[in-house]
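*Asks:* Take a look at the letters that make up each chain.
2 protein chains.
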Amino acid sequence: MATMDAEGPVHELTAEQCWERIEHEELGRLAFRLVDEVHLVPINYVVQGRSLLFRTASGNKLLAAALHSDVAFEIDWHDDRAAWSVVARGRLRQLEEDEQHRLDDESRQPWVPTLKYDVIELVPEVVTGRTFVLRRPETDSAQ
Amino acid sequence: MATMDAEGPVHELTAEQCWERIEHEELGRLAFRLVDEVHLVPINYVVQGRSLLFRTASGNKLLAAALHSDVAFEIDWHDDRAAWSVVARGRLRQLEEDEQHRLDDESRQPWVPTLKYDVIELVPEVVTGRTFVLRRPETDSAQ
Numbered sequence: 001m002a003t004m005d006a007e008g009p010v011h012e013l014t015a016e017q018c019w020e021r022i023e024h025e026e027l028g029r030l031a032f033r034l035v036d037e038v039h040l041v042p043i044n045y046v047v048q049g050r051s052l053l054f055r056t057a058s059g060n061k062l063l064a065a066a067l068h069s070d071v072a073f074e075i076d077w078h079d080d081r082a083a084w085s086v087v088a089r090g091r092l093r094q095l096e097e098d099e100q101h102r103l104d105d106e107s108r109q110p111w112v113p114t115l116k117y118d119v120i121e122l123v124p125e126v127v128t129g130r131t132f133v134l135r136r137p138e139t140d141s142a143q
Numbered sequence: 001m002a003t004m005d006a007e008g009p010v011h012e013l014t015a016e017q018c019w020e021r022i023e024h025e026e027l028g029r030l031a032f033r034l035v036d037e038v039h040l041v042p043i044n045y046v047v048q049g050r051s052l053l054f055r056t057a058s059g060n061k062l063l064a065a066a067l068h069s070d071v072a073f074e075i076d077w078h079d080d081r082a083a084w085s086v087v088a089r090g091r092l093r094q095l096e097e098d099e100q101h102r103l104d105d106e107s108r109q110p111w112v113p114t115l116k117y118d119v120i121e122l123v124p125e126v127v128t129g130r131t132f133v134l135r136r137p138e139t140d141s142a143q
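Order-wise, the sequence lines are chains C and Z. Per my numbering: the first sequence = residues 1 to 143. Per my numbering: the second sequence = residues 1 to 143.
Bound-form chain C, shown alone (with noise of 0.2 Å):
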């Protein structure tokens, strides 16, 4: 029990490796902030070259005024033994309507059916990852 961030094995990747990572996995989570309070969403996206786009139902009033802010992405994975963390920061822009066929063209469909959407796209301007080897320790109880 300790946060993925403590001092320990802890190894930084390469933003190539933070790509791949992005790339490989579907879901991650949104941290926005409107005016004193800190948002916290799940999304499920598509990469796009070095962007994420996903939709957002049509006039999601949250993530219309998250629009030009800073926001942080992250995704993580972890088995008993390893974890692993990404983390991209950068603003949110809505796609213009003639911009909306960037989504349509991935085969990736939507997972939550929905007639009306916008499309959001995030462009990373800091990626960042880590690496942790995790230990639960069996008999530490003598410490």
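Just so you know, the hints here were simulated from the structure itself, not pulled from any lab data. In this text, all values refer to a predicted model and were calculated from it rather than measured experimentally. Every residue, glycine too, gets a C-beta built ideally from N, C-alpha and C.
Here are some chain Z residues pointing at chain C (derived, C-beta under 7 Å): (1) LEU27; (2) ALA31; (3) VAL38; (4) PRO42; (5) ALA72; (6) GLU74; (7) ASP76; (8) SER85; (9) VAL87.
With beta-carbon atoms standing in for the labels, derived distance ranges: (10) HIS11/Z <-> LEU95/C: 23 to 31 Å; (11) ASP80/Z <-> VAL47/C: 18 to 26 Å; (12) SER69/C <-> HIS68/Z: 16 to 24 Å; (13) HIS68/C <-> LEU67/Z: 26 to 34 Å; (14) SER69/C <-> LEU67/Z: 19 to 27 Å; (15) GLU20/Z <-> LEU95/C: 35 to 43 Å; (16) GLY59/C <-> GLU96/Z: 40 to 48 Å; (17) HIS101/C <-> ALA64/Z: 41 to 49 Å; (18) GLU12/Z <-> GLY59/C: 15 to 23 Å; (19) ASP36/C <-> VAL47/Z: 24 to 32 Å; (20) ALA15/Z <-> ALA82/C: 30 to 38 Å; (21) HIS24/C <-> HIS101/Z: 38 to 46 Å; (22) GLU99/C <-> GLU97/Z: 53 to 61 Å.
With the hints as your guide, set chain Z onto chain C.
*Replies:* Okay, now just chain Z, sitting in the frame of chain C:
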């Protein structure tokens, strides 16, 4: 490919159902704000009553700065057909030395070996959660 908070087959979880899920998981993500930046880090936590405890490397500057600010904590799960997400909002507090036994009493030990650490408590003020029915259309291109 859609935000998981899209319109559609979405159902709200009760607070009790949210806590069941929080108690069952061990790894979540914490979003917090430092001046204009939103940070998002994975954390490995334990539940005590209605609060979450997690360790952080002693002197972790990020989290020290986040103390007393509003934060959002999230866990989620999905397979090909369904997903859920639970978000807890509240404030962080660093446990005093004479309180740290609260964590030592827990049977679960640190995942990342580290000698010195601080213990942070998150007492959620609001806990919300939703379940989603997912669908991966196979022949949706005729839309």
